[in-house]
Amino acid sequence: MTMNLAVLIKQVPDSDEVKMDPEKGTMIREGVSSIINPLDLNALEAAVGISRDIGGRVTVLTMGPPQAEEALREAIALGADRAILLSDRAFAGADSWATSLVLAEALRKTGPYDIVLAGEKATDGETGQVGPEVAALMGYNLATYVSFLDAGPRGVSVKCTVEEGTLYQWIPLPCLLTVLNDLNEPSLPTLAGKKKARRAEILKLGLADLELTRENVGLLGSPTRVVRIETPKITRQTEFFSARDLERGIDRVIDILKEAAVI
Amino acid sequence: MRKEDRNFQGILVFGETRSNKIHSVTYELTGKARNLADVKGCEVSVLLLAESLRDDPSDLFRFGADKVLVVQDPSLSIFNQGIAVNVLKAIIEAENPEILLAPATTIGRTVLPSVAAMLQTGLTADCTGLEIDPDSGLLLQTRPAIGGNVMATIKTPFHRPQMATVRPKTFRIPAPRNRTGTLVYPTLPKETFSSPIQSIHLQRAEGDGGNIQDRDCVVSGGKGLRRPEGFRLIKELAELIDAGVGASRPTVEAKWISYPHQVGLSGKVVAPKIYLAAGISGAVQHLAGMQTAQKIIAINKDPEAPIFRIADVALCGDLYDILPRLIERIRVERCERNG
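Going line by line, the protein sequences match chains E and G. Going by my numbering, the first residue of the first sequence is number 1, and it counts up by one from there. Going by my numbering, the first residue of the second sequence is number 264, and it counts up by one from there.
Next comes chain G alone, as it looks inside the complex:
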């Protein structure tokens, strides 16, 4: 839609729920939307889709929402892209938001481009920065481009809504404030909840630590482990500090570990608080997948390893010497703290 087509106002957040609970990324985006709305002087609405929400949606007011729209239907028990697109499109057409933000999760990255194409507007994926241009009032969307080596700032000057997806953990959840808002349960036509697509079953992954993109810390192993069993040591350290387990592409290709663990351009891009890489030399395609981590700790035998150039702390030595010592030290620290 062109900006002159309607009176577009406010910011809408396409919230994410999993198993009828509000996912943390919804709070992150609500907080960010609040900052932007304060600059623009407009309202923040949050849309939640669920079969039957178990969390209190009015909690989102304290994090910056002025209005929370809860759409509940039995058809929303398992994600169905056809239905989610219908619902979001109907809400956009009723609310006419000027800006639409969504998490860059599998759901957001499926629903948002579908809706953007239908509404004929722009969409910027995986933004790491969002601000309002003081002159034009437009949303400035910053994202890593060309493998994370440059940052591109993008705007959508003439089309509405201005749409962006944001990776979980990009923005912090703000401190809750004492504020309130309006809770709405919109009624949508029955056909909104039907789609030719059938969602049959969601088999939950167990014991694998979930998605490494959602973790505060990631501990990764590379070919420097020299053998598949080396990942036991990586997992031991990861468990100790509640980290996700990552891996370089060669180890995945050698089938030492499964693909969901692969970090890099051809795997997952992660931006944790702490990224610890052991036995990973640092091919560009790997570096592009983790270089925005807040702190990078690298362990490698080769003093010239490219990963050392982007590390905060470089430990040059044998990982089979260093990792057990590190694990031991963490255990000692824990014991001292606990008593």
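If we strip away everything but chain E, and leave its shape as in the complex, we get:
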């Protein structure tokens, strides 16, 4: 049995390095390094685990600017067998639908796949929509919020973390699963992996390589449009209570709890 596995990853700014501009209240992103979206590392770890346990090949795909190649090399160092970069000026400005269309087309072209994995959401956009949208475009069975999985030749048993508790489901192949971080503990790259990553060939696909037209991708193909971006002013007037003022500070907290009808 060999499984054809794909992992969808995204390169995001390292949120641990992002600092807040104390005057403007905006994020300072200059000089911040890029990382693989943390939940995508859980997805990759799961795919590598399945391929090790029951045999298979792991292809990692990302849509992004040319420098996203770095994230793909890291994924190879972490155990992926093949990496595909979907990069084209025409892809820029894509919303979740236009992104999903490119990813789905790339899966179709380089597949078929048995299991596709992705992080539940990315730390930058935070929509969590691309995974489910790709699944719908591919006609794959979808499971979301996956915190445990056991893959077999016909399907995957999953546990999904939902508001009410844990949902146990059986997802037949082909399927797409979006995962949470309690799924596993992502490994660190090995020395051999790093060596392999340096030499690995990254397959690059642009608009001309996919059966898509310019009108369907990027900003042009996006059903949603950004009307405006606003920086909300921090309107909070902080009342600061130091050590000798704590009794008054606690009084204030009690007032707030009463106003909110909590006590």
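It should be emphasised that the hints constitute simulated quantities derived from the structure, not laboratory data. Some hints here could point you the wrong way.
Claimed, not checked - Derived DEER-like restraints, expressed as beta-carbon distance ranges:
| id | chain 1 | residue 1 | chain 2 | residue 2 | range |
| --- | --- | --- | --- | --- | --- |
| 1 | E | Glu-211 | G | Ile-341 | 52 to 58 Å |
| 2 | G | Gly-392 | E | Arg-52 | 45 to 51 Å |
| 3 | G | Pro-513 | E | Arg-228 | 34 to 40 Å |
| 4 | E | Ala-260 | G | Pro-513 | 24 to 30 Å |
| 5 | E | Leu-219 | G | Gly-400 | 20 to 26 Å |
| 6 | E | Arg-108 | G | Pro-459 | 49 to 55 Å |
| 7 | E | Phe-240 | G | Thr-391 | 25 to 31 Å |
| 8 | E | Glu-211 | G | Gly-392 | 55 to 61 Å |
| 9 | E | Val-227 | G | Pro-513 | 48 to 54 Å |
| 10 | G | Gln-272 | E | Arg-108 | 34 to 40 Å |
Just so you know, these numbers come straight off a predicted model, no measurement behind them. The beta-carbon is built from N, C-alpha and C at its ideal position, and this holds for glycine as well.
Got chain E; can you put chain G on it based on the hints?
Just chain G now, with coordinates in the frame of chain E:
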């Protein structure tokens, strides 16, 4: 679908039921949909999926619905994304709503993007503001972007329905009014209720206070607790004011508390009425997960802690001194009130 494909009209709310009961977020979205519909001069429909509803669906009329569609089937006893997508898609194709709103719960965030992709339309996740553009009549969808530091307003000009998910507690449930509407039990083809996916079992979480995103108050602890047992104090305060228990990422990584409690970009984003943070300095990734709370109370030893900059009330001192005093005061207030 393109807007010229059909005659799209009205607002449809994809309501949420849990254990055959109507979840409060359904009322929140029905109320909001009513406001939008009054501006547009159109109707509000609410769709409910259940095995066998135990609440009265016609109650939703009083909160703004003109029509409530109840789809009941034994296959809907446990959530099955395949079936839910089939049902919602069938209802959209029959009703042709111009706008579709759904809760940004695990169900809404699974079903809506699937349906949006199938219908080839736009979807905006986790909206905190919805209004109708007076010029174009389009739905303006506002959501926090880039970790909550900017607000982006988004529209879907040419595709229908215009779709958005909204987090629970974003909008208030309106006061009920004396109004009525139409209750419909649509009949759908049998195959709508079958899916290759099998939902086997729902194991309900117990004793853990449920989802912190659903709570009016959240009390969170950070590394300033200095030891895992510190969360006992956090839980004591949380229980006293019926709050959820939150945590910073370092405490979760140190396994002092489980992941569902983690607040921040890599955990849960919460917007409660009151957020109390004890021993959390305020890394950006944490702040982005709670800064839209109505009131923020922060307790920290370090007067320079970034969390103080976004707090309404900053208590600078040892949390092991402050928290017990606060707990004591709340108990006293309770006793005085009760007699």
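Among all the numbered hints in the text so far, which are the ones the structure does not match?
Result: hints 1, 6, 8, 9 break, sorted rising.
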